[in-house]
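Engineer: Read off the chains here:
6 protein chains.
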Amino acid sequence: MAGKAMLVVSAHSADFVWRAGGAIALHKKNGYRTKVVCLSFGERGESAKLWRKGEMTIEKVKAARKEEAERAADILGAEVEFLDLGDYPLRVPDEALMRLVDVYRELQPAFVLSHSQKDPYNFDHPLAMHVAQEARIIAQAEGHNPGQKVVGAPPVYAFEPHQTEQCEWMPNTFLDITEVWDTKRRAIECMAGQEHLWEYYTRVALQRGVQAKRNIGITAARDIQYAEGYQRITPAVTGELA
Amino acid sequence: MAGKAMLVVSAHSADFVWRAGGAIALHKKNGYRTKVVCLSFGERGESAKLWRKGEMTIEKVKAARKEEAERAADILGAEVEFLDLGDYPLRVPDEALMRLVDVYRELQPAFVLSHSQKDPYNFDHPLAMHVAQEARIIAQAEGHNPGQKVVGAPPVYAFEPHQTEQCEWMPNTFLDITEVWDTKRRAIECMAGQEHLWEYYTRVALQRGVQAKRNIGITAARDIQYAEGYQRITPAVTGELA
Amino acid sequence: MAGKAMLVVSAHSADFVWRAGGAIALHKKNGYRTKVVCLSFGERGESAKLWRKGEMTIEKVKAARKEEAERAADILGAEVEFLDLGDYPLRVPDEALMRLVDVYRELQPAFVLSHSQKDPYNFDHPLAMHVAQEARIIAQAEGHNPGQKVVGAPPVYAFEPHQTEQCEWMPNTFLDITEVWDTKRRAIECMAGQEHLWEYYTRVALQRGVQAKRNIGITAARDIQYAEGYQRITPAVTGELA
Amino acid sequence: MAGKAMLVVSAHSADFVWRAGGAIALHKKNGYRTKVVCLSFGERGESAKLWRKGEMTIEKVKAARKEEAERAADILGAEVEFLDLGDYPLRVPDEALMRLVDVYRELQPAFVLSHSQKDPYNFDHPLAMHVAQEARIIAQAEGHNPGQKVVGAPPVYAFEPHQTEQCEWMPNTFLDITEVWDTKRRAIECMAGQEHLWEYYTRVALQRGVQAKRNIGITAARDIQYAEGYQRITPAVTGELA
Amino acid sequence: MAGKAMLVVSAHSADFVWRAGGAIALHKKNGYRTKVVCLSFGERGESAKLWRKGEMTIEKVKAARKEEAERAADILGAEVEFLDLGDYPLRVPDEALMRLVDVYRELQPAFVLSHSQKDPYNFDHPLAMHVAQEARIIAQAEGHNPGQKVVGAPPVYAFEPHQTEQCEWMPNTFLDITEVWDTKRRAIECMAGQEHLWEYYTRVALQRGVQAKRNIGITAARDIQYAEGYQRITPAVTGELA
Amino acid sequence: MAGKAMLVVSAHSADFVWRAGGAIALHKKNGYRTKVVCLSFGERGESAKLWRKGEMTIEKVKAARKEEAERAADILGAEVEFLDLGDYPLRVPDEALMRLVDVYRELQPAFVLSHSQKDPYNFDHPLAMHVAQEARIIAQAEGHNPGQKVVGAPPVYAFEPHQTEQCEWMPNTFLDITEVWDTKRRAIECMAGQEHLWEYYTRVALQRGVQAKRNIGITAARDIQYAEGYQRITPAVTGELA
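Residue numbers (my numbering), protein chains in the order written: chain A, 1 to 242; chain B, 1 to 242; chain C, 1 to 242; chain D, 1 to 242; chain E, 1 to 242; chain F, 1 to 242.
There's no promise every hint is true.
Heads up, the list lumps identical chains together, so a pair's fine if it works in one copy or across two of them.
To be verified - Pairs of lysine to any residue residues, derived as SDA-like cross-links and limited to a Cα-Cα distance of at most 20 Å, are as follows:
{"hint": "1", "residue 1": "Lys149", "residue 2": "Thr183"}
{"hint": "2", "residue 1": "Lys118", "residue 2": "Arg33"}
{"hint": "3", "residue 1": "Lys49", "residue 2": "Gly152"}
{"hint": "4", "residue 1": "Lys60", "residue 2": "Gly217"}
{"hint": "5", "residue 1": "Lys60", "residue 2": "Thr219"}
{"hint": "6", "residue 1": "Lys4", "residue 2": "Glu106"}
{"hint": "7", "residue 1": "Lys118", "residue 2": "Asn172"}
{"hint": "8", "residue 1": "Lys29", "residue 2": "Gly3"}
{"hint": "9", "residue 1": "Lys4", "residue 2": "Thr238"}
{"hint": "10", "residue 1": "Lys28", "residue 2": "Thr183"}
{"hint": "11", "residue 1": "Lys118", "residue 2": "Met170"}
{"hint": "12", "residue 1": "Lys66", "residue 2": "Gln108"}
{"hint": "13", "residue 1": "Lys28", "residue 2": "Tyr200"}
{"hint": "14", "residue 1": "Lys29", "residue 2": "Arg203"}
What the hints contain is simulated information worked out from the structure, not anything from laboratory work.
Using the sequences and the hints, build the whole thing.
Structural biologist: Okay, here's the thing in structure tokens:
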């Protein structure tokens, strides 16, 4: 039988690195198949540095962004699929939604990561999450492509947006990524076009590390240096509360 | 070294049975030390049937409620301590708060259960949760009784109130109590004074069982018949998201 | 002059039975014209049992679902109209919206029932409510098909979703359905494809009955066994507060 | 058997006039016994004009405020009881709470009116509502003064605060007070110390009148000129949804 | 270099007058270029009086509404552009969105005004705000029409809806419009088709004036008679907190 | 006449440094009188390092904390007053509240800074904010110590808590503290007992700096390196929206 898998739905081609790179590297290390679907390259709205180079076309920017994302995914140990739906604004036709349903059915992910449900700075982000959830629901439906194996109820998490409070995003889950931090940092450094964010997201990881430490308590043995924050959207089902 | 422990802070002497009886029985079975602190006996506000018997005094009602609670705790496998602070309204002086701090320090619970943070039908309930949280914070403070072992950061959960939506209570955690359901039902039946609630909370357990099953997905092997819903208040810190 | 009427906008062909069957039967009994519009048959996402029979096609499933819904509507005393817009995902083109506007204009409902405004388990549900509200607004516009009689401001209620708290649904209105419960139960039993939900929604009716009783107070004479919960979305206008 | 009654819990001695004067006059007209409990006179925080007269003492201000309130209550047809607990800040000892419980038991109100649950401009207001709710809960408890008749579950409404949106107050109920507007206006004019508010609350009544009209729809026959807005806090239990 | 500019995105052709007329007149007086984009004429849903005249066609209503809006804009000192997208329901194709992006790029507004983010009475309103925000985000993207000057981060404000509390709209900013009130009133009087709203919005301005006065405190010298309320959506960046 | 003043209400003796040190230094530089009221020394709950030294008493810890706070206040240019009310739990008797009212009356602050209104990690924090607001309201009352000059309506801001999202704190105002950052850092370094927080709050200032920059837009000339985030609680009243 196949092993466990995880799915990341990323609005633009760099989001999965800043926001879920640690989760990808950590679960890869723990034997998961890790897959990222990038809905767009972020070619219009998140490639300012490339556009300022001059002599640019949309195709050149997309190619550069794709190459960066592939290198980062490679470092993290993830497969990456690009749907090339355009950005600013992202629009997701039903054909693309159905492609995402196929990914769910084929991958059978144990959990899913995507954006916050609100983001006043970026409407592509909540749309990506909406689509990630809608595809999951359709993938559960027995009447969709009957005969295929339906998916169960993989937990859905919202990874950290840029300005958390404005996005009404609340981290109810901290993932300790200390042991894979170096890998995440190397993946981050693939994003040549957004170098100003390297230190920003390093500080994010340090802050979340301090907070994670506080949330296990000072009596806990575990040392945490770096963490990623997640908002779990779906309820947990468990046999123990500790 | 001592094993794990759990703490339940119950506003009235029956709340821990209806709302957390499954969690107590299950963790007891799994080797936990389980302790309940009842802030009051619910002698004024939750003993209507006893009062209707006639010839009643507040002391007789308290004695009857205490005896019921002790029998239920015995069945569930819990220690129970009564602070006898009065109900309708419950008032918690700082001395009682400090007694609760002592319990935290002595018990070192791995997690804590108490009421919802809002309850328009019963102001004693949110006060009990407030006190449970405040005592936890004080128990963490190194300057409180220096020399004692401080507590870490035990997760806090709100168990299910009577009218969940009015209480703005959201179950983000379902605990499968199928294997201890019979024990919980026997404990429930100790509550002779509130017989009208026996079937009510049996139905609650069945509904939460159906929902828990749905939240692990139809592809999951685990069969769940009965569950308890909890709202985890404090963030989780984890090394895996599945 | 015509009598009173009520309208139910149901995403899938069984929703109106589980969630508003009591309201339909009760108002029918009280002389209302009762009409249900089913936006889809729930053929892909809510017909698992049918699909597992084998030898199924989408048309067969739709026909089976239609037949079940018609029988249930017949028992409840409702007219039912099927828009056959597809499910998982439901999509509502403007033509369908305008058909719904026509229904409002023709029916002149005294109130409208539809789904909760949020449902993370089912995106078809909030869309149905959105469409029910949008059609109501258009039906109020004097410039839409001038010459037709516009509608007034029929109150809008959200009926009970499957997992209420996750849907942020709050029952601010309980409808006593004790006298029509047997009728509702018979309608429920038409839903052969979702037999696992019969007892679930029977328990829902019992729980809401207990809560309704509590909300009129123990001093009230009225005995309530079964109730349906509703969230009134629009304000009430009244001449008395009791 | 006694007729119906209503209860208003007013933080300061003028609040019941601005915020619930229409409800009092209307229900009085309809045969209700109407009672107001004023927790304080608003002598420190809501009597600016009186203080500016010079030669004032706290006792003189209280006497003046009491006299104004009594005249207004008389016009509206209400009994009024003053607990004289002080204002800015209002503090409510348990003895005062128990006096309010006695009022509930004696009055057996069909519904209760008090302040919004939040008010960043005035902390006395939400405290008054808290106390109104807490007293109601205690009055329901069979173990409180056994032998007395307990109260049922009278609906609780929050009347309109000064700056509604800041108070997170939402009018889900509009009361048509057109027929008693003149009476309310006369009662308002008793408040010589706050003349600047006369026109303010007349405009409030007009605005709520327009909104009430809109919420019954342009097709409704009822003409509404003046209304009061209320936020119903407790659920309704009903036999009809129209 | 060009002076400052402001942008108003109005769902229907009268909204900018009732809701932002004071802001337009005031900033015009202070040297701003002021531009309004009307997404529709409100020809179907907000022209009841015109339709009742008889002999009406959609084109005649649009012409009448356009003429009213142009006269009002003229009085206020605003340029106005009509996108004629239809109303009840408003639909905004991407071409219209891109036209709005062009307006942002050309105008380089210092701030933007549009509708509340929720309005259960009117779905065109939140859509207008959504589009106003989405266009702003696209206008910031360097990859959209590279070579054009991108826009900065103009603050976004929601102006006052008709029933504020139902719209969950909160005025966190009051604009003193006393000195331009006469101008606003004259603009309001251009709206012959909605005469019933003239006094309504005059009272709104008076109420907001009283509230604004209260929020600067009675010790402040500034006298405020009329104000408009706004909800600032985007954070402020400042060098001083007073 | 005296110049402008600002007031900070700090639950523990270090809070004003981490959370408002930049605002203090900046406004001091701009000519403000700056005053801090520390309700407690944080001697029990925020002095872990001191307690671990051994040979400690509560008086020694308080003295050490006081000395640190005074040095930090001196660097920032603030007066500091200690109410010594105890911590974990903080309790505020009405006498202390009245002392704070006196401070308001004497200082006549142009604005006030205190904690977030919710903090599940620390109940002393929201209590401090509550008291800061309640004292402000009392200081506005003409009947409190008649003859004294009342205060106006100084804006209230919540400064940044440790775990912002858990506290439901939203920064709607960013203060550029770049020019005083060195001063704030020196004040931070006075807190010898909490050295682990120096880098944490340096990173906070850097992150808020990046966000502030983003919220003025990339076209703005102003360069911002360090910022503090604030949640403005009270509405702004203004003559211009830009």
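Engineer: Each hint: holds or not?
Structural biologist: Checked hints:
no., hint, in the structure
1, Lys149 <-> Thr183, "neither (34 Å within a copy, 38 Å between copies)"
2, Lys118 <-> Arg33, "neither (28 Å within a copy, 32 Å between copies)"
3, Lys49 <-> Gly152, "between (42 Å within a copy, 16 Å between copies)"
4, Lys60 <-> Gly217, "neither (49 Å within a copy, 26 Å between copies)"
5, Lys60 <-> Thr219, "neither (53 Å within a copy, 25 Å between copies)"
6, Lys4 <-> Glu106, "within (12 Å within a copy, 41 Å between copies)"
7, Lys118 <-> Asn172, "both (16 Å within a copy, 16 Å between copies)"
8, Lys29 <-> Gly3, "within (13 Å within a copy, 31 Å between copies)"
9, Lys4 <-> Thr238, "both (18 Å within a copy, 17 Å between copies)"
10, Lys28 <-> Thr183, "within (11 Å within a copy, 42 Å between copies)"
11, Lys118 <-> Met170, "both (11 Å within a copy, 14 Å between copies)"
12, Lys66 <-> Gln108, "neither (25 Å within a copy, 32 Å between copies)"
13, Lys28 <-> Tyr200, "neither (24 Å within a copy, 30 Å between copies)"
14, Lys29 <-> Arg203, "neither (23 Å within a copy, 29 Å between copies)"
The structure fails to meet hints 1, 2, 4, 5, 12, 13 and 14 from the earlier list, while all remaining hints are met.
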